[in-house]
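Visitor: Okay, here's what each chain looks like letter by letter:
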Amino acid sequence: MKCGYSKEQLLEFYRKMVLIREFEERVKFLFLEGIMPGTIHQYQGEEACAVGVCSALQRGDIITSTHRPHGHCIAMGMDIKSMMAELFGKQTGCCKGKGGSMHMGDIEKGVVPAIAIVGGGIPVATGIAFGFKMKKQPRVAVCFMGDGATNEGTFHESLNMASIWNLPVVYAVENNFYGASTHVSLVMKVEKISERACAYKIPGITVDGNDVIKVYETACEAVERARKGEGPTLIELLTYRITGHSRRDPALYQPPEEKKKALENEPIKKFSEFLISMDITQEELEKIRETVKEEIEDAVKYAMNSPDPLPQDTLNDLFV
Amino acid sequence: MARLTIAEALRQAIREEMKRDESVYCIGEDIGIPGGWGGAFTVTLGLEKEFPDRIINTPISEAGFFGVALGSSLVGLRPIVDVQYGDFLFCAMDQIANQIAKLRYMSGGKIKTPIVIRAPVGVTGRGAQHSQMMEPFFQCLPGIKIVCPATAYDAKGLLKSAVRNENPVMIFEHKLLYGAKGARSEPGSIDASSEIPDEEYLIPIGKGTVRRQGTDITIVATLLMMHRACEAAEIVEKEGISVEVIDPRSLVPFDWEIVKQSIAKTGRLIIVEESPRRGGIGAEIAATVAEEMLDFLVAPVKRIAAPDTPAPFSPVMEKFYVPDTVRIVQAIKEMMSISS
Ligand SMILES: Cc1ncc(C[n+]2csc(CCOP(=O)(O)OP(=O)(O)O)c2C)c(N)n1
Ligand SMILES: [Mg+2]
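One line per chain: the protein sequences are A and B, in this order. Using this note's numbering, you'd call the opening residue of the first sequence number 1 and step up by one each time. Using this note's numbering, you'd call the opening residue of the second sequence number 1 and step up by one each time.
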C-alpha cells in the first residue's frame with residue numbers, strides 16, 4: 001500500500017482495535033444489566049495505544065498493566081474467552097476467578113496480572129527489564145500507566161533506576177487527561193508528561209495516541225532501542241477516555257464540548273477514514289466488525305456456560 | 001431529627017467541624033471535583049462549594065499527601081485525609097507508621113499531630129487489591145487511635161471526636177454500610193442509616209456499646225460483621241439462645257470493660273471479623289480474655305474470620321471468604337451444644 005504497510009497489517013490493527021471496542025461495549029452492557037459482577041474500568045477511546053504499542057513487541061516481551069487492563073490484554077493476544085470468563089469469576093477465567101477485571105493477565109502471553117494500585121506496576125516492569133538485562137536476554141518490558149500514575153513516587157524512583165542501569169523498558173503513558181475525575185492540569189504543571197523523562201536523562205516523546213500507526217512507529221523505535229541495550233524510553237500517548245472512569249460513572253466532570261471533540265477524534269473512526277483513503281472498502285471493515293462480534297458472542301456464551309470455582313478453591317494458589 | 005446514611009452523616013460531621021474550626025481541612029484524591037463523586041464514596045460531595053479553599057484535591061501521591069497532612073498538623077492545621085480505598089494506605093506506609101504514629105513520642109511529648117485518616121474497607125467484589133480489611137495492620141501500631149463506626153449515628157459522633165482529638169485517629173468505614181447513592185451506590189449494601197439528632201453530640205473514642213442484650217453468648221464485632229452478628233442473634237433467639245452483641249466501635253483504645261462485663265455474664269465469647277484470622281482483631285481480644293478472664297469462660301473462645309488468603313474476586317469464592325450470618329448461627333449453636 002502507498003503508506004508502506006501491507007493490507008494485512010493495516011487490517012490487523014483495525015481488527016484488534018475493533019475487538020477491544022466491541023469487547024468493552026459488550027462488557028459494559030452485561031455489567032449495566034447486572035449480569036456481570038464486580039467493578040470495571042474500560043478502555044473505549046484508547047484502543048490505538050494498546051494496539052500500537054503491543055504490535056511492536058515480540059514473543060517473550062512482557063507488559064505490566066493497570067486497573068484498566070482489558071485493552072492491553074487483548075492487544076497482547078490473550079484469549080478473549082478466558083478474559084470474559086474471568087470477568088464472570090469463572091473457573092475457566094485467565095486467573096481462575098481469583099483476579100477479576102482489575103487483575104486480568106496471562107503470563108504465557110506476556111501479561112503480568114494487572115496491577116490495580118496506581119503506580120504499583122512501574123517498579124515491577126522496571127524489575128522485569130532488570131531481570132532481562134541481568135540474564136543477557138534480548139527481551140523488552142513495557143509498562144503501561146495513566147497520566148495520574150506519573151504523580152506517584154514509584155514513577156520517579158523507577159525511571160531513575162531504569163536510567164542509571166540502562167534497562168530495556170518502555171514506559172507507555174496513556175494520557176487521557178483525567179485521573180479518575182481530576183483533570184491533569186490540576187495535578188501537574190508540566191505541559192507534556194514526556195518532559196518528566198528529561199529529569200532522568202531518558203528520551204521522552206509525545207505522540208497522538210489515537211493514531212495507531214504513529215503509536216506503532218514510535219513504539220517500534222523505543223522497543224528497538226531497548227532491545228539493542230540503549231536503555232529506556234518514555235512515550236506519552238495523548239488520548240481520551242470516551243466512557244466513564246469506572247462502573248456507572250457518568251463522567252459529568254468532562255465538559256460536553258470536550259467529549260464531543262473527543263468522539264470526533266476517536267481512534268477507530270480516525271483509522272477507518274485512513275483505511276478508506278487507502279482504498280479499503282467500507283464492506284471489508286464491516287465484515288471484520290461482524291466477525292469480531294461473533295467471536296465476542298462466543299466468548300460470552302463460553303463464559304456463562306463455564307463452571308464456577310468451588311468455594312474452597314479460595315484456599316488454593318496462595319503458596320507454591 | 002433526620003434519617004441519614006453513613007456517607008451523609010460523615011459529610012455532616014465534616015461540614016460542622018469545618019465551620020466550627022477554620023484549621024480543619026480535607027485532603028485527598030477526587031474529593032471535591034465539580035461533576036465528580038466527592039471521594040470514592042460521596043462523603044465529601046459538594047463540600048468544595050462551601051469551603052473552596054479547604055477541600056484539597058491532590059495528585060495520586062499517597063506518600064506525598066499523607067506527609068503533607070502531617071507537616072501541616074505540626075503548624076496548627078487539622079487535616080482530614082481521605083484515601084479512596086483502605087488498601088492504598090500501604091502506599092503511604094512510611095508516613096503513617098514511621099512518621100505520623102511516632103513523631104509525638106520521639107519528640108518526648110513536645111509536639112501534637114492531630115490528623116484524621118479516613119479509609120474505606122470491606123470485601124466487595126473488587127478483588128485482592130481493593131478489598132482488604134486494614135484494621136489489623138494498624139492495631140499493632142502504637143501511636144494511632146482507631147475507630148470503626150457501624151451506624152450513621154456513630155459515624156457522625158466518632159468523626160467529630162476524631163477531628164477534635166489531639167492525636168492521629170484512623171476511621172475505617174465500610175463500603176457496604178455507606179449508603180452511597182446514584183452511580184456510586186454499592187450492590188449488596190446494608191442499611192446502616194440512623195436518626196441524627198439536630199443538636200450536636202460526640203461519641204467518645206474508646207467507648208463500646210451493647211447493640212443487643214443477651215445472657216448466653218457474647219459476640220464482639222465491628223462494621224459489617226456487627227450487623228451480621230445482630231442478624232444471627234435474632235435468628236437464634238427464636239430457638240431460645242440469648243446473644244449479647246457488643247460493638248466496641250473503637251479498636252484503639254479498646255473498651256475492655258464492656259467486653260469483660262458481658263463475658264462475666266455469659267461465659268462465652270465469639271469474635272467475628274472480616275479480615276483473615278491470623279493476627280486479626282479476634283486474636284488480640286481472645287488473648288487478652290485468656291489472660292484476664294479464663295475463669296469466667298465455660299467454652300473455648302471462638303473466632304469467625306476470613307481465611308488466611310487475599311480476597312478472591314469470584315462471587316462464589318468471595319461468599320465463602322466473608323463470614324456470613326449462617327456461619328455465625330452455626331458457631332453459636334455449636335458453642336451452646338458443647339457447653340450447656
Ligand atoms: C495508589 C492508588 N491510589 C488511588 C487509586 C484509585 N484510582 C484508581 S484509578 C485512578 C485514576 C488513575 O488515573 P490514571 O493513572 O490517569 O489512569 P486512568 O484511569 O486515566 O486510565 C485512581 C485515583 C488506586 N487504584 N491506587
Ligand atoms: Mg488518566
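Rather than coming from a laboratory, the hints here were simulated on the basis of the structure. Among the hints, a few may not be true.
[Unchecked claim] Partial chain A-side listing against chain B, Cβ under 7 Å, derived:
{"hint": "1", "residue": "G97"}
{"hint": "2", "residue": "D106"}
{"hint": "3", "residue": "P113"}
{"hint": "4", "residue": "I117"}
{"hint": "5", "residue": "E152"}
{"hint": "6", "residue": "T182"}
{"hint": "7", "residue": "Y253"}
{"hint": "8", "residue": "P256"}
{"hint": "9", "residue": "K269"}
{"hint": "10", "residue": "K270"}
{"hint": "11", "residue": "S272"}
{"hint": "12", "residue": "A299"}
{"hint": "13", "residue": "P307"}
{"hint": "14", "residue": "P311"}
{"hint": "15", "residue": "L318"}
[Claimed, not checked] Here are the simulated DSS-like cross-link-like pairs (lysine-lysine), alpha carbons at most 25 Å apart as the crow flies:
{"hint": "16", "chain 1": "A", "residue 1": "K7", "chain 2": "A", "residue 2": "K287"}
{"hint": "17", "chain 1": "A", "residue 1": "K259", "chain 2": "A", "residue 2": "K28"}
{"hint": "18", "chain 1": "B", "residue 1": "K49", "chain 2": "A", "residue 2": "K28"}
{"hint": "19", "chain 1": "A", "residue 1": "K189", "chain 2": "A", "residue 2": "K28"}
{"hint": "20", "chain 1": "A", "residue 1": "K28", "chain 2": "B", "residue 2": "K260"}
[Said to hold, decoys possible] Label-pair restraints from in silico Cβ distances:
{"hint": "21", "chain 1": "B", "residue 1": "E292", "chain 2": "A", "residue 2": "F319", "range": "47 to 57 Å"}
{"hint": "22", "chain 1": "B", "residue 1": "A287", "chain 2": "A", "residue 2": "E25", "range": "46 to 56 Å"}
{"hint": "23", "chain 1": "A", "residue 1": "N316", "chain 2": "B", "residue 2": "A183", "range": "31 to 41 Å"}
{"hint": "24", "chain 1": "B", "residue 1": "V210", "chain 2": "A", "residue 2": "L32", "range": "38 to 48 Å"}
{"hint": "25", "chain 1": "B", "residue 1": "K49", "chain 2": "A", "residue 2": "K287", "range": "43 to 53 Å"}
{"hint": "26", "chain 1": "A", "residue 1": "N316", "chain 2": "B", "residue 2": "I338", "range": "24 to 34 Å"}
{"hint": "27", "chain 1": "A", "residue 1": "K301", "chain 2": "B", "residue 2": "S242", "range": "47 to 57 Å"}
{"hint": "28", "chain 1": "A", "residue 1": "L315", "chain 2": "B", "residue 2": "E292", "range": "48 to 58 Å"}
{"hint": "29", "chain 1": "B", "residue 1": "I338", "chain 2": "A", "residue 2": "E25", "range": "34 to 44 Å"}
{"hint": "30", "chain 1": "B", "residue 1": "R15", "chain 2": "A", "residue 2": "K287", "range": "50 to 60 Å"}
{"hint": "31", "chain 1": "B", "residue 1": "E199", "chain 2": "A", "residue 2": "D308", "range": "50 to 60 Å"}
{"hint": "32", "chain 1": "B", "residue 1": "A183", "chain 2": "A", "residue 2": "D279", "range": "39 to 49 Å"}
{"hint": "33", "chain 1": "A", "residue 1": "N316", "chain 2": "B", "residue 2": "I111", "range": "40 to 50 Å"}
{"hint": "34", "chain 1": "A", "residue 1": "K293", "chain 2": "B", "residue 2": "I338", "range": "52 to 62 Å"}
Source: prediction; values computed, not measured. Virtual Cβ for every residue (Gly too), placed ideally from N, Cα, C.
Visitor: It remains to establish, for every hint, whether it holds in the given structure.
Guide: Here is how each hint holds up against the structure:
no.: 1; hint: G97; verdict: holds, 3 Å
no.: 2; hint: D106; verdict: violated, 15 Å
no.: 3; hint: P113; verdict: violated, 9 Å
no.: 4; hint: I117; verdict: holds, 6 Å
no.: 5; hint: E152; verdict: holds, 6 Å
no.: 6; hint: T182; verdict: holds, 6 Å
no.: 7; hint: Y253; verdict: holds, 3 Å
no.: 8; hint: P256; verdict: violated, 11 Å
no.: 9; hint: K269; verdict: violated, 25 Å
no.: 10; hint: K270; verdict: violated, 27 Å
no.: 11; hint: S272; verdict: violated, 31 Å
no.: 12; hint: A299; verdict: violated, 17 Å
no.: 13; hint: P307; verdict: violated, 10 Å
no.: 14; hint: P311; verdict: holds, 4 Å
no.: 15; hint: L318; verdict: holds, 5 Å
no.: 16; hint: A/K7 / A/K287; verdict: holds, 15 Å
no.: 17; hint: A/K259 / A/K28; verdict: holds, 19 Å
no.: 18; hint: B/K49 / A/K28; verdict: violated, 32 Å
no.: 19; hint: A/K189 / A/K28; verdict: violated, 34 Å
no.: 20; hint: A/K28 / B/K260; verdict: violated, 51 Å
no.: 21; hint: B/E292 / A/F319: 47 to 57 Å; verdict: violated, 36 Å
no.: 22; hint: B/A287 / A/E25: 46 to 56 Å; verdict: holds, 53 Å
no.: 23; hint: A/N316 / B/A183: 31 to 41 Å; verdict: holds, 35 Å
no.: 24; hint: B/V210 / A/L32: 38 to 48 Å; verdict: holds, 43 Å
no.: 25; hint: B/K49 / A/K287: 43 to 53 Å; verdict: holds, 52 Å
no.: 26; hint: A/N316 / B/I338: 24 to 34 Å; verdict: holds, 31 Å
no.: 27; hint: A/K301 / B/S242: 47 to 57 Å; verdict: holds, 52 Å
no.: 28; hint: A/L315 / B/E292: 48 to 58 Å; verdict: violated, 33 Å
no.: 29; hint: B/I338 / A/E25: 34 to 44 Å; verdict: violated, 56 Å
no.: 30; hint: B/R15 / A/K287: 50 to 60 Å; verdict: holds, 58 Å
no.: 31; hint: B/E199 / A/D308: 50 to 60 Å; verdict: holds, 51 Å
no.: 32; hint: B/A183 / A/D279: 39 to 49 Å; verdict: holds, 44 Å
no.: 33; hint: A/N316 / B/I111: 40 to 50 Å; verdict: holds, 49 Å
no.: 34; hint: A/K293 / B/I338: 52 to 62 Å; verdict: holds, 60 Å
When the structure is compared with the earlier hints, violations turn up for hints 2, 3, 8, 9, 10, 11, 12, 13, 18, 19, 20, 21, 28 and 29 and for no others.
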